[in-house]
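Protein chains: 2
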Amino acid sequence: MAVYTDVDDEELIGFLRAYDLGALLSCKGIAEGVENSNFYLHVSAGSFILTLYEKRVAEADLPFFLGLMEHLSARGVTCPQPVRDRAGRALGRLAGRPAVIVTFLDGYSIHHPEAAHCAQLGAALARLHLAGADFSMRRPNSLSVAAWRPLYAPCAARAGEVAPDLGDIVAAELDVLERGWPRDLPEGVIHADLFPDNVFFLGDQISGLIDFYFACTDALAYDLAVCLNAWCFDAAGNFDAAKGAAMLGAYQSLRPLTAAEIEAFPLLARGAAMRFLLTRFVDSLDVPAGALVRPKDPREYLARLRFHRGIGAARDYGLA
Amino acid sequence: MAVYTDVDDEELIGFLRAYDLGALLSCKGIAEGVENSNFYLHVSAGSFILTLYEKRVAEADLPFFLGLMEHLSARGVTCPQPVRDRAGRALGRLAGRPAVIVTFLDGYSIHHPEAAHCAQLGAALARLHLAGADFSMRRPNSLSVAAWRPLYAPCAARAGEVAPDLGDIVAAELDVLERGWPRDLPEGVIHADLFPDNVFFLGDQISGLIDFYFACTDALAYDLAVCLNAWCFDAAGNFDAAKGAAMLGAYQSLRPLTAAEIEAFPLLARGAAMRFLLTRFVDSLDVPAGALVRPKDPREYLARLRFHRGIGAARDYGLA
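Taken in sequence, the protein lines are chains A and B.
Taking the UniProt record's numbering, the leading residue of the first sequence gets 1, the next gets one more, and so forth.
Taking the UniProt record's numbering, the leading residue of the second sequence gets 1, the next gets one more, and so forth.
What the hints contain is simulated information worked out from the structure, not anything from laboratory work.
Take these hints with a grain of salt, some might be off.
[Stated by the list, open to error] Quick list of the computed label-pair ranges, beta carbon to beta carbon:
(1) A:Asp316 to B:Arg93: 39 to 47 Å
(2) A:Pro295 to B:Asp283: 16 to 24 Å
(3) B:Gly318 to A:Phe195: 36 to 44 Å
(4) A:Pro295 to B:Arg315: 22 to 30 Å
(5) B:Gly76 to A:Gly237: 50 to 58 Å
[What the hints assert, rightly or not] Residues from chain A that keep clear of chain B, each with C-beta distances beyond 10 Å, as calculated:
(6) Ser26
(7) Ser73
(8) Gln252
The beta-carbon is built from N, C-alpha and C at its ideal position, and this holds for glycine as well.
Starting from the given sequences, assemble the full structure and let the hints guide the process.
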């Protein structure tokens, strides 16, 4: 959660003049998204979210993210839809930063997902992958296997601050992942960060997906492995086989995995755990002064990595 | 700005069952208020603010604050109005904290008030004082002159971290304020923290006042002195006589100051500057770990205090 940038009322009113949204009624910084500043925006035309992009999001990537949200919205995936100004532009500038207004989605994040929520998530992820199949833009995954060693190296000396054996595990694991990472799996648009925070429910139904700022072109099954890590472990860090089966089953009912994806799944799950272990580790060492953000605990993902290292084959996740 | 407490979706849905507000649609932590956790709450019945009271607000004071907001709302002062549950209770409990739902007010804070905004504020303050005249509850001002020395003493040794002469100025000033503080001015309900953050505008008109959690029973003219400090200095710290005249004139058009209030005003202005200098100084030394809050700069109020010390008489503020 973060609000990094304050928005001046006069600047905001000037910014809104380019849009057909009527008068400013209210604008409040909200604790949503860790990469950007987000605001609840109430104008005569209704409720919206105003996003200011902070430094961690590359401006050159914004057309991909905004284009993707428009593409998915048009294909029935409920996600924030960029609002275009009178000149047809989705991307503006406010408080010295790239800025965009998107539609407001009702719904709330489920803090303790049950198997039924995991099934909903599996189906939503499959629909996202299917709807993204004809999206024409590409963006490489800048946080995939090739990025992990360079991300880790400058911080390796401080691994012991997180856990005594973190350094040994990461070193061994990077070798395994770099050597064995699959290259020829079905690719497409992936969300790459579909944690419970980024999925809205109304009652038992998913009402929307948000925060597409890690979305990229990569192996679809890797996205499923990210979700398995994010949704199917209990608070104590133990894998919940019922949640895993519910998610994987619901995904496969809409998009059956290929034999190669199934075979690769245990390694993808280890890689997904490694990706979040490493970014959480690096973030925990480097909290910017004044940032209104609580770093997440890397040890949760160290525990998941340990679990995946003990998995023999895809059938141990309920895949066959 | 602060969100200290996360609210679990299941707990919130349970909490809402006591109210006639319909289903939960959305709940987002907002960057508003420094003492409490505030959330934008969207339910079937409309938009509201959910407030969780953190430790700095004494639970025993909540009936005063909530009663005051109801009293003022009923007398035409637009402020958040507590929503009562089906059993008629305004105060509930959520996430282990006292919790209240209040009406959502449209409007936005003016970051750079002009003289016209200061006039609006002066009139709104007078209306607040008049509307509070028949409020029957009392709450002493726990941050008035008697509190300043005990607040400062434990931190005095670190005064030099803020400014080389802070210690000397505070020591001399506390003697003057304690000796001369007026005791017999007209009293009533004061807001005591009516900074621009706590005043909403729509266009050029004030649309609402918020954050009554410093409200108390004290000299009405002291509230005006707080507002003079908060609204009538420019970004460089210089007093703006036009803004001062606009605020004081608009206030007096609805509630003329007595001769004793006018005579006491320069000392009240010094006291108001001292109060915010000291709380900002203490807060700047003691940012709680994990708190999502940026401390405000005490030096802004040291500069105001210096200005007020150079004032000879009330006519220097435009009062006569």
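Hint-by-hint comparison with the structure:
The given range of 39 to 47 Å is respected by A:Asp316 and B:Arg93, whose C-beta atoms sit roughly 44 Å from each other. A hinted range of 16 to 24 Å for the beta carbons of A:Pro295 and B:Asp283 is consistent with their spacing of about 23 Å. About 57 Å separates the C-beta atoms of B:Gly318 and A:Phe195, a value inconsistent with the hinted range of 36 to 44 Å. With their beta carbons about 55 Å apart, A:Pro295 and B:Arg315 fall outside the hinted range of 22 to 30 Å.
Taking 50 to 58 Å as the suggested C-beta distance range, the pair B:Gly76 and A:Gly237 conforms, at roughly 56 Å. Once the 10 Å rule is applied to beta carbons, A:Ser26 is inconsistent with being away from chain B; the minimum gap is 5 Å. The beta carbon of A:Ser73 sits about 18 Å from the closest Cβ of chain B, which is more than 10 Å, so the claim that it is off the interface holds. For A:Gln252, the requirement that its beta carbon stay farther than 10 Å from each beta carbon of chain B is met, with the minimum near 28 Å.
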